[in-house]
Structures are given as C-alpha cells and as structure tokens.
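Using the hints, position chain B against chain A.
Residues per chain, in single letters:
Protein chains: 2
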Amino acid sequence: MSECTHDCSTCGNACASKAPADFAAPLNANSKIRRVIAVASGKGGVGKSLVATMLAVTAMRKGLKVGILDADITGPSIPKAFGIVGGTFQTEFGIEPARSTGGIRIISLNMLIEHPDEPVVWRGSMIAGCVKQFWSEVHWGELDLLVIDMPPGTGDVPLTVFQSIPVDGVVVVSSPQELVEMIVGKSVRMCEMMNKPVLGLVENMSYFQCPKCGEIHELYGESKALALAGHFKIPRHARLPVDPKIAQLVDGGGAENVELPADATACLEAIIV
Amino acid sequence: MSECTHDCSTCGNACASKAPADFAAPLNANSKIRRVIAVASGKGGVGKSLVATMLAVTAMRKGLKVGILDADITGPSIPKAFGIVGGTFQTEFGIEPARSTGGIRIISLNMLIEHPDEPVVWRGSMIAGCVKQFWSEVHWGELDLLVIDMPPGTGDVPLTVFQSIPVDGVVVVSSPQELVEMIVGKSVRMCEMMNKPVLGLVENMSYFQCPKCGEIHELYGESKALALAGHFKIPRHARLPVDPKIAQLVDGGGAENVELPADATACLEAIIV
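Chains A and B are the protein sequences, given in the same order.
The numbering used here applies: residue 1 is where the first sequence begins, and numbers increase by one.
The numbering used here applies: residue 1 is where the second sequence begins, and numbers increase by one.
For reference, chain A alone in the conformation it holds in the complex (with noise of 0.2 Å):
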C-alpha cells in the first residue's frame, strides 16, 4: 500500500491518510484502454443501462473496439440486453469477458454468480472491490472505449467507482419526471468533487410518438433536458423515446438491433468521439 501523495485539502500539509492513493486500481496488466465514459444518474429507474448499451452499441457501429463494464451491481442488466448467458473463463492474461454478437466485450456480475436471478444484497465495500477486480483482473485487450454503466445514485458506491477507474468523462441520464432538477444536481456536483467532465445529458422516456398517427406526447411532462443542460452547462443533450420496440429488443437480448431516432444517434456519436 503505498500512502497518499497529496495535500490536504483542508489544513495543506501532507496528508497522513493511505486511502485516496489506495482506492486507485491499477488497468489489467495485458490491457489498454484508449477512453472511459461513465454513465451515472442521480436515481435508479430512469434508464442509465439503456443509455450505457446504446452508447457502447453506437461506438461499435463506428468501427471502434467497445467494451462495457457493469458496474451497476445490485441491478446488473447489461448481459440480458446482449443476450449474453452463461459466465465466463480465465486465462493467463486475466479474466475474458463475454462478447456480444457485434464483438463489444462485456463484464458484469451476472456472468460470475451461480444464481443470477437472486438479488446481490453486498454492502457499498464489497461492490466496489468487485468493480476495481473488474478494472484490473479483467482481460479486457485493445480498447477505444470503455463505458461504464455505474451504480444508480451520487452515494459511497458510485464515489470509489469513481475514484478507482481512470474515468475520461461522465454521461448523466434523467428522466422528465418532477424533481429532475434536484437530482441532476446531485449527479453534476458529484462530477466536479471528481473532476470529471460532463459530456453530455440523456433524457430518457422523454416522449412517446404514436405509430399509428406520428402524433408526439410528452408522457411524462414537458422535456426538461434543453433548460437542464443549459443549466448545467452541459454541452449536449440527446431525448430517448418510450418506445416499446426498443423495450422489448433490449429485454429479448437484442440490443444489437436497436435503431434509436437520428437526433439522438447523433448526440451520442458526438460523445463517444
């Protein structure tokens, strides 16, 4: 264990703690990782594995090598959405993730428990010293971009995940529900205590148009992401619909097949460059 470099940030003299420099997990040793997007929300249910999928799945699109870490450990939905069963195998270069049908290298806990349909009740501790075995023991090879579905929340969890993996930028998805603005906050606030830049902001379930008319209707209230990101100061803002096509290809392990609306493919394009 080596001790913290830094000063202390409130007194200024060298700090006597070996936490800060403990949490940092060293990359797989027979790996590299040109990128590594996190994509986090301030509340579970809004759709942040959607949004981590689709952005690995536009990345891999465009030719890069893409691979997605689950870091969302007590909801791992990231396998399922790529039809991915079954666990996974070691080898003298680390652990080999699983490979989706269009080659995205996927981890996640589900591949590395015998029931994956129990629920994992771990405390915040366990479930980041599984994150940072999946950052260092994970033989994840050639990478252009990482992504990183985190743990739902701004708490102690999604924190040392942020403070394990060097993380290049963070996407924050929110839905158009009450109370947006708040728990957006949370999420932007946690990003400048990280030092992480924002990339871009994610409104999911943000509107519904009807296949049989064309009509648009914003199901949940009107769309907050124009006034947030501009709030926020956050250079990009993309609007998932709700759309039953997309809900039933994701849970079928389809996720591959997934054509999200032009605007938002391109916002999501504009992140991963």
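Some clues are possibly wrong.
The list makes no distinction among identical chains, and a pair is therefore deemed to hold if it is satisfied within one copy or across any two copies.
As the list claims (entries may be wrong) - List time: in silico DSBU-like cross-link candidates among lysine-lysine, alpha-carbon distance up to 30 Å:
| id | residue 1 | residue 2 |
| --- | --- | --- |
| 1 | 80 | 186 |
| 2 | 212 | 196 |
| 3 | 62 | 233 |
| 4 | 212 | 245 |
Honestly, the hints are just simulated from the structure, not real lab data.
Note that the coordinates shown come from a computational prediction; the quantities given were computed from them, not determined experimentally.
The following block gives chain B in isolation, referenced to the frame of chain A:
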C-alpha cells in the same frame, strides 16, 4: 407491556415473546374507523401513491367519510396530490389531519417536518414509530375508510406497519415491466404471512391511449394483470393508463379532479365496498 397471547407457530407452546403484542398500537381514543385498506407494492416507483389517492377519491365520491394515512415516510407524496400545504395542529382530541377540498382527512410526515423538500433518512424503527403515532395520536374522528399508503417493498418497515395497525385488506400495485411476477409474489406472500386478504391488483402504467387517434399502446410490454390475478388468486384487477393529464393534475394538487377510465373506477368501487 402485555405479553403475547399466541402459541408459537413452530413449537406450539405458549409464546414467550412480548414483541407481537407490543407492536399493536391503539387507535386514537376520539376516533372510530370502520375499515382500513393498505396499498402496497413490492417495489418503489410503480405508482402506489396514485392508487392510494384514487381509492380515497373514489370512496369520497361514493359519499364515504375517508382518510389517508401516508405511511410512505421516506417518499411522502399524498399532500402534494391534494394541494395541501402547511402543517397541522394539535387539539385536546389529538393531532388534526389536514382536509382536502372534498373533505378527505390526510396525515403525512410532510405536514410535520420543517423542510418537506429535504429527503428523510430514518431508520426503520423510527419510520414504524411515526406510522404508529399517526394511528394513535391523530384525531381521525369517524371514518368509513382509512387508506394507508404503505412504505414500498416487503421489508421490515411495511411488516411493522402491518403489525401495528389492524388492516382489513390490501391492494397490491404493480407495473407491466419485467420481473413483475416475482415482485407481486413477494407482496402476496407478505400478506399471507400477516394473514391479510389481498383485495385487488392494480397494474399501473398499463397502456397509453393516443388522444389523437384513439389507438391503445402497451408501452412497457403486454399487460400481465389478468394472468397475475389468476395465478395469485386475487379476486379483482384493474389497469390504469399512462396519462399525461392525470400526471399533470396530481402534480398540481388536483387529484380530486382526476377521472379514471370506467373499468378502473368500477374495480376501485368494488374494492372499497
């Protein structure tokens, strides 16, 4: 403290524990409540509070004297749905509940704390104690029906509420999203454990009817209400739509002006009789 008068369900001997008898709270001495219905869900975010609200509004429209005990202490949303602002006061008879425009008597932690916008982070035992107080110290007066908006989930807190208050029956709220069978199953098992009949199942966010062309869309997958009610032997089920007009009314304090579809209203009427 009186001792438990039950026999142990495992060994058949007289129970040595004082706990069960201690949980039960006496009703406020100046109140008389004919019937208590709890609204529960195995998971948060499915619209439990909306169902509790509409159950009370439906009863009020039938001429019943109705109260709502907001036991969702960490996410109290009942006062806002009825446009109730400000606190409450104490008389010689107990704490006076607020009154909605239509005369529904309402008590919620939001009315007793100084900063209702700040999240309440309490231990389970404190939450249960607060709910007990709502039962014992609130001057409900004479009520035909008290609706309890339960804490979400099937953990300690809802269990203690069931042990504190003589609930006559439970309405279980679900959504059509995945894993719903497991989540509803947990609620049904909790009711069985507590020896409380499940009076009905309400599937919220069940469909969306395009207000322009009339087409009905099952936004979050096929309805499972009928199949689940059959599977768990629940006598009635209702489907509530996603409806921006309802959301807008409830967000703006106009819950008493909400009109549900006729089939849903009929089901709620059958439950409250």
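Hint check:
| no. | hint | result |
| --- | --- | --- |
| 1 | 80 <-> 186 | both (29 Å within a copy, 23 Å between copies) |
| 2 | 212 <-> 196 | neither (43 Å within a copy, 44 Å between copies) |
| 3 | 62 <-> 233 | within (27 Å within a copy, 51 Å between copies) |
| 4 | 212 <-> 245 | both (14 Å within a copy, 21 Å between copies) |
Taken one by one, the earlier hints fail for this structure only at number 2.
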